[in-house]
Structure formats: C-alpha cells, structure tokens
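Listed in order, the protein sequences are those of chains A and B. The first sequence runs 1 to 191 under the numbering used here. The second sequence runs 1 to 191 under the numbering used here.
Simulated from the structure, these hints should not be mistaken for lab results. Yeah, the Cβ is synthetic: ideal placement off N, Cα and C, and Gly gets one too. Check each hint, because a few of them may be wrong.
Mimicking DMTMM-like on lysine to aspartate or glutamate, the simulated pairs with C-alpha atoms at most 25 Å apart in a straight line are [to be verified]:
| hint | chain 1 | residue 1 | chain 2 | residue 2 |
| --- | --- | --- | --- | --- |
| 1 | A | K154 | B | D146 |
| 2 | B | K154 | A | E142 |
| 3 | B | K134 | A | E165 |
If the Cβ cut is set under 7 Å, some of the chain B residues that face chain A in the computed set are [what the hints assert, rightly or not]:
| hint | residue |
| --- | --- |
| 4 | M118 |
| 5 | L135 |
| 6 | L138 |
| 7 | G141 |
| 8 | E143 |
| 9 | P151 |
Letter by letter, the chains look like this.
2 protein chains.
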Amino acid sequence: MERLIKDREIGYLDPDIWDLLWAFFKRGKSFTYSSCSGRITVIDADYPWSRRGSAVVFKNHLGITEEDLTGVLSKGALHRLWLVVQGPILHVYTKDMGEAWEILRIARLAGFKHSGIMTVNSKGVLVELRTGIKLTHLLKGEETEDPEVRPLVKLANEVLTRGKEKMEMLRIQVESSVRNDPVKLGQNPKG
Amino acid sequence: MERLIKDREIGYLDPDIWDLLWAFFKRGKSFTYSSCSGRITVIDADYPWSRRGSAVVFKNHLGITEEDLTGVLSKGALHRLWLVVQGPILHVYTKDMGEAWEILRIARLAGFKHSGIMTVNSKGVLVELRTGIKLTHLLKGEETEDPEVRPLVKLANEVLTRGKEKMEMLRIQVESSVRNDPVKLGQNPKG
Numbered sequence: 001m002e003r004l005i006k007d008r009e010i011g012y013l014d015p016d017i018w019d020l021l022w023a024f025f026k027r028g029k030s031f032t033y034s035s036c037s038g039r040i041t042v043i044d045a046d047y048p049w050s051r052r053g054s055a056v057v058f059k060n061h062l063g064i065t066e067e068d069l070t071g072v073l074s075k076g077a078l079h080r081l082w083l084v085v086q087g088p089i090l091h092v093y094t095k096d097m098g099e100a101w102e103i104l105r106i107a108r109l110a111g112f113k114h115s116g117i118m119t120v121n122s123k124g125v126l127v128e129l130r131t132g133i134k135l136t137h138l139l140k141g142e143e144t145e146d147p148e149v150r151p152l153v154k155l156a157n158e159v160l161t162r163g164k165e166k167m168e169m170l171r172i173q174v175e176s177s178v179r180n181d182p183v184k185l186g187q188n189p190k191g
Numbered sequence: 001m002e003r004l005i006k007d008r009e010i011g012y013l014d015p016d017i018w019d020l021l022w023a024f025f026k027r028g029k030s031f032t033y034s035s036c037s038g039r040i041t042v043i044d045a046d047y048p049w050s051r052r053g054s055a056v057v058f059k060n061h062l063g064i065t066e067e068d069l070t071g072v073l074s075k076g077a078l079h080r081l082w083l084v085v086q087g088p089i090l091h092v093y094t095k096d097m098g099e100a101w102e103i104l105r106i107a108r109l110a111g112f113k114h115s116g117i118m119t120v121n122s123k124g125v126l127v128e129l130r131t132g133i134k135l136t137h138l139l140k141g142e143e144t145e146d147p148e149v150r151p152l153v154k155l156a157n158e159v160l161t162r163g164k165e166k167m168e169m170l171r172i173q174v175e176s177s178v179r180n181d182p183v184k185l186g187q188n189p190k191g
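Pulled out of the complex, with its shape left as it was, chain A reads as follows (with noise of 0.2 Å):
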C-alpha cells in the first residue's frame, strides 16, 4: 500500500486506475503490481507487437484529438504507423492459490476473460487481468495512403471507452467480493 501510495504521488499510475487497485488491496490477500487502465498509442514498428527497433510515438490514457493523430502523420516513420487501443490490463499478486482462483472468478464476472495465472515467485502467485479489447489497426505501410483521421479517431476513443466500462465493472465486483466475503465477516463477527 505504501508502494502505491508513493507511485501516486510520483505520477507513475495512470489517472483514473486508483480507485480499481485500491479495491484489490481491501481484500487482504491480493495486491496490484505493473497495471494499465487502458490507453490509445501510435506505434512506428515493423508489428504493433514488436519490441525491437519499435518507438512509442503516441501515448495517452485518456483519448485521441484529430490534431494529435495529424500531428502524428505528418513526421512519417521509419517502420510502419500503428493506431494501438488496449483495453485494461491489471496484474494482481495473491497470498495463494485460492486467493487467485477467486480473483480469476471475480475478473470473469466483469468480462476479463483472457485473464489466466502467469507464474508462481517470492511476491505471490500472479494474475493477469484482460479484456479482449484491442485494436491495432495499420495508419501508414509502405504501399498505403494517408488514412482518413477522423472516422479513426472516433473509434479509438470509443473503444477506449468500452474499456474504461469494463475496468469499472471489475472495480465494482471487486468491490462487492470485499463485503461479501464470509471470511471477512467471520474474523470480526462484530463488524
């Protein structure tokens, strides 16, 4: 809790994914590490998957102007321009493995359904958290012309958007899990 406290005050967490992670820490045996609410990037990469050679020339969690994708489009690339949308992605260490079985449970009731248990190490077990909300859609190739802006520019917002909803839904039924947790209740009956 101190961690992420620190990394708000810092300006290391997206804007709008406190609220979410604060909500894992109250169940006890679950805490956030390296987390994404979601965020629209331009990619000038050979993949929108690459690594390599790859450079971020846009990034912003919160939406796209058609001046920014303009802007964009205008210095060219060395590679190929992609228009990235990732919906949210939310890594969780549990205490143990029942602690991660339920956090899949819960994720799969707010739709994370490409949400799995990634390894077992000093921290916890983690999970990753996943929607399948993505885009990778190729603004610039080699053989391709300028791209419309603003027909793209209002699906990348939107779908965004559909993954802000769905990191809400996750916050509310990690929420719900927190007070109706009978274990809970049972370690402080007078609560």
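With chain A fixed as given, assemble chain B onto it according to the hints.
For chain B alone, kept in the frame of chain A given last:
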C-alpha cells in the same frame, strides 16, 4: 489420442496443426483441447471482439487473396467490417500443476508470452498458450471509404506467417522437452 485422430479424420483440425498437437501428447502428462494454428478472418461486427450480432464473413487458416478481400468488401456490411489475423492459440490440459508450470515454461521459450493457467476442472489443469501476434484492422466503418486491398492482403498474409513460425518454434520446443525429460529417461533406462 483417439479423439484427436477422429477429429483429424472428420476434418475438425486446422490443416497445419497436427504435428504440434501430437508433440504435446508425447509428453504423457498433457493433452490438447480446442486449438487454432492461426487464421485470417473478416468479421462483420461493431468490434472485432464482439460476439452478439457478429458474423464471420471470411475465414482461412492458410491465407487470403486480393480476390477474397475484394469479394468480401463488395457485399457490404451490417455493422463494421474488420480484418482480423490471429496467431496460434493452444489449449493444453495437464495432469497436475507441476506439468502446467512446465508447459508454461516451454511455451515462453517459444515466444508464447501471453500464456497462463485458466482453470482446473475434471479434465485437469487448463493452460492457454498465446503469442502477442494479432491484427484487428478496420476495413469499413460508418464514414470510411473503401480500403486499398493489395497492401492489406500482403500484410494479413505476412502476419499469418509470423504466427505459423511461432507455432513451429513451439513444436520444436515441445519435442525437445520430450527427448530431454529426465523423468522419462529414468522410467525407461534401456530406451
């Protein structure tokens, strides 16, 4: 194994996935379930990940031609038209958690970075193996002009090939894990 052989006879299996699936069976503690070698689809839907009201208007595991794409575009769409290229996705059931972690380790060696343990049920521990390879390109929206077919067909086939390469890397890693498994060697000291 009987199910897999029957699936091949009926034609349920993707044409190019047999060798990889068989390699998993050879490990002894793993078997594969619904798996995909990677494919190109064109989807008529609000979003590429939508199920409700969506329709797959083109699907091929081996590639797409300019004629295919032109044909699909000429028919119009109820919602939006998306060109979706998906890398290979494997579902592997393992006998226990130990084997599940081992499958994850092997998969990551082959570049299947988005892999995780999904659930445990009567069949075993379900592991999903995924690469980051995915293209979701808007072909036709409310306000867009028809796209240039040639560069998109070239790109889709190129992305599909990147996926097939990863599938081959996974096959090599799985087969090599069978040969090098010290437990298996111990069980058959004369072999």
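K154 (chain A) paired with D146 (chain B) [C-alpha distance capped at 25 Å]: holds, 18 Å
Proposed interface contact between P151 (chain B) and chain A, which counts if any beta carbon pair is under 7 Å: Holds. Min distance 4 Å.
Restraint outcome when E143 (chain B) is required to lie within 7 Å of chain A by C-beta distance: holds, 4 Å
Interface hint status, L135 (chain B) versus chain A (Cβ within 7 Å): With a minimum Cβ separation of about 6 Å from chain A (threshold 7 Å), the hint on L135 (chain B) holds.
Satisfaction of hint between E142 (chain A) and K154 (chain B), Cα-Cα up to 25 Å: Satisfied, since the Cα-Cα distance of roughly 11 Å is no more than 25 Å.
Pairwise hint evaluation, E165 (chain A) against K134 (chain B), where the allowed Cα distance is 25 Å at most: Since the Cα atoms of K134 (chain B) and E165 (chain A) sit roughly 23 Å apart, the hinted pair holds (cutoff 25 Å).
Interface hint for M118 (chain B), Cβ within 7 Å of any Cβ on chain A: holds, 5 Å
Per-residue hint verdict: G141 (chain B), partner chain A, C-beta under 7 Å: Holds. Min distance 5 Å.
Agreement of hint L138 (chain B) with chain A interface, Cβ distance less than 7 Å: Holds. Min distance 6 Å.
Every hint from the earlier list agrees with this structure, and none is contradicted.
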